[in-house]
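As you go down the protein sequences, you meet chains V and E in turn. Each residue of the first sequence is one higher than the last, beginning at 972 in this note's numbering. Each residue of the second sequence is one higher than the last, beginning at 972 in this note's numbering.
Think of the hints as simulated: they come from the structure by calculation, not from any bench. Among the clues, some could well be false.
Stated by the list, open to error - List of simulated lysine to aspartate or glutamate pairs, EDC-like, C-alpha gap at most 20 Å:
no. : chain 1 : residue 1 : chain 2 : residue 2
1   : V       : K1179     : E       : D1270
2   : V       : K1186     : E       : D1270
3   : E       : K1186     : V       : D1270
4   : E       : K1215     : V       : D1224
5   : E       : K1215     : V       : D1270
6   : E       : K1179     : V       : D1270
7   : E       : K1275     : V       : D1184
Claimed, not checked - Stretch by stretch, here's where chain E covers chain V in the computed footprint (C-beta under 8 Å, at least three residues):
no. : region
8   : 1059–1065
9   : 1070–1076
10  : 1187–1196
11  : 1201–1213
From the three backbone atoms N, C-alpha and C, an ideal C-beta is built for every residue, glycine too.
The lines below spell out each chain.
There are 2 protein chains.
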Amino acid sequence: MPLLSLLLVCSSIAAFAQDALPSWNDTASKQQIVTFVKKVTTQGSADFVPPEQRIAVFDNDGTLWAEQPIYFQFFFVIDQLKAQAPQHPEWKTTEPFKSALAGDFKGVAASGEKGIAQLLAATHAGMTTDEFSRNVNQWVSTARHPKTQRVFTEMVYQPMLELLHYLRDNGFKTYIVSGGGQDFMRAWAQATYGIPPEQVIGSQGDLKFEMRDGKPVLVKQAKVALVDDGPGKPVGIERFLGVKPIFAFGNSDGDQQMLEWTMSGDGARFAGLVHHTDAAREWAYDRQSSIGKLDKALDEATAKGWTVVDMKKDWKQIFPPQK
Amino acid sequence: MPLLSLLLVCSSIAAFAQDALPSWNDTASKQQIVTFVKKVTTQGSADFVPPEQRIAVFDNDGTLWAEQPIYFQFFFVIDQLKAQAPQHPEWKTTEPFKSALAGDFKGVAASGEKGIAQLLAATHAGMTTDEFSRNVNQWVSTARHPKTQRVFTEMVYQPMLELLHYLRDNGFKTYIVSGGGQDFMRAWAQATYGIPPEQVIGSQGDLKFEMRDGKPVLVKQAKVALVDDGPGKPVGIERFLGVKPIFAFGNSDGDQQMLEWTMSGDGARFAGLVHHTDAAREWAYDRQSSIGKLDKALDEATAKGWTVVDMKKDWKQIFPPQK
């Protein structure tokens, strides 16, 4: 090969390597990620981790996609309620349905966990897993975010999509571990994140096996089987995986135990938090927010030297380009 | 390559292909398995299934390893009770502990589900997942079956080990879906079956996240989270996988719903039952057995043409050669 061609090949390889995270500015966060991945994937390095142990877990709401002004699954619930409202005239005068139909988040929040459970029961329970997936898929391809008017699966963070790919290209298995509904996320996680259903762990309701028209179905129940948030995240990870991840990313106090659990093993480990600091391009919120509150976990990250991503400074771009 | 060498290579390839299931006699069961695997893995075949959808699920007790005179996990429970007995003098006179310590299975059975739950709580609850795994590993490498005097992980079925390998060699992902304890099986499933922890689904107790000496741990709770048996098996599969398997093997009525669930999807599918017919080399039992009762599922298998493995006729060898 002539020298010039060789140089061109080498420089494109170098460019390719540099471009694995093109939406990340060349700040400390990116450097910490790349340094970690290099050391656990370099054969012969003291920190080398064999591929089967390269498990990376990601929170979803606020970590992989946005979560303001309220968790996106809640928009789905409201739209499902609206579709069912004609059969339920009593909802017009009964809380939490009245507030939910009016899009009054504060009113719904005032009804507490019991109210939210009632909404989930009304919109999720009684239907088969297949029917539910169809509903979610239909909604996710048409419903739009009130502020950006984009479909919700376009409100994912471009730098985090790149990170997912970068990790997988380096032999990691990427999992979602989220407080959101497991069945809700599974309906679109493969197409959106490249994460297959069995690698999506979320909050779960009970299921019941039934025969309908001679065919077996699984029917969603109102009873909750796992709240995959806070201390429930290590529980979800253990139930599903049975091994400790070596890499974890979250954005709120609900992720604190998952990060602690990840960091408690032997060998090289990585914990990261997305800090929402960009009021212009996204939202800015942390210690006082009712959605995605980041307070204790931020203190722990600072004390322990975990990576804290400053969205405003660290990310060139927040959302993917409009299609 | 000289012609002779070429012929030798070709004949060894052919021999290798024929030998994928060497412990299986060349009867209908083996032919049905091989025919199924060939048609779903042949590119261009109408029945071709892409590798990511080649999910195979196996019951454990009575399907991958023996289950007589009682589920092997129960021997573990008894041994754990014996180790703890000096600290619990009251067990000598209290059921179900008295019967369990005496190895009186009938006495334990008489105490019903509540009694069994009490035994599990006493031997599993309160300990961390790490402590429990260590206990199981220690036990499984030393305890021996009362009849054969072999360690329990040598009481696995050689033909089923070959089947697991054969499926994996053909791009399948192999899962355990068992009524046995998930954490109990995960401790040795990788070494014994080549099945990693995240592909072992079983009955589960609740877990609690706690800090002990400043380190996060998960503590096993007495409360049951999933009974992964009968109609609980499709529930376990859906929770963990979110997709329907295309291949399922069981041996009892507790596997019936898993087989129905597997067969209810589109395209080519396989359902198999191990029928315990060999009183000389293993045990012979079916419709009347209190352990691994096979009655309704046998009728359904016959009616629907599912594969029923006759251990006596179909298997050349039951257990692996003694080490």
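Going through the hints against the structure:
1. K1179/V <-> D1270/E: Violated, at roughly 24 Å.
2. K1186/V <-> D1270/E: holds (18 Å)
3. K1186/E <-> D1270/V: holds (18 Å)
4. K1215/E <-> D1224/V: Given pair K1215/E, D1224/V is violated - Cα atoms ~35 Å apart, limit 20 Å.
5. K1215/E <-> D1270/V: Distance ~43 Å between K1215/E and D1270/V Cα, so the pair is violated.
6. K1179/E <-> D1270/V: violated (24 Å)
7. K1275/E <-> D1184/V: holds (17 Å)
8. 1059–1065: Violated, because only 0 residues of the region 1059–1065 of chain V bring their Cβ atoms closer than 8 Å to Cβ atoms of chain E.
9. 1070–1076: violated (count 0)
10. 1187–1196: holds (count 3)
11. 1201–1213: With 9 residues close enough to chain E, the hint holds.
Comparing the model with each earlier hint shows violations of hints 1, 4, 5, 6, 8, 9; every other hint is respected.
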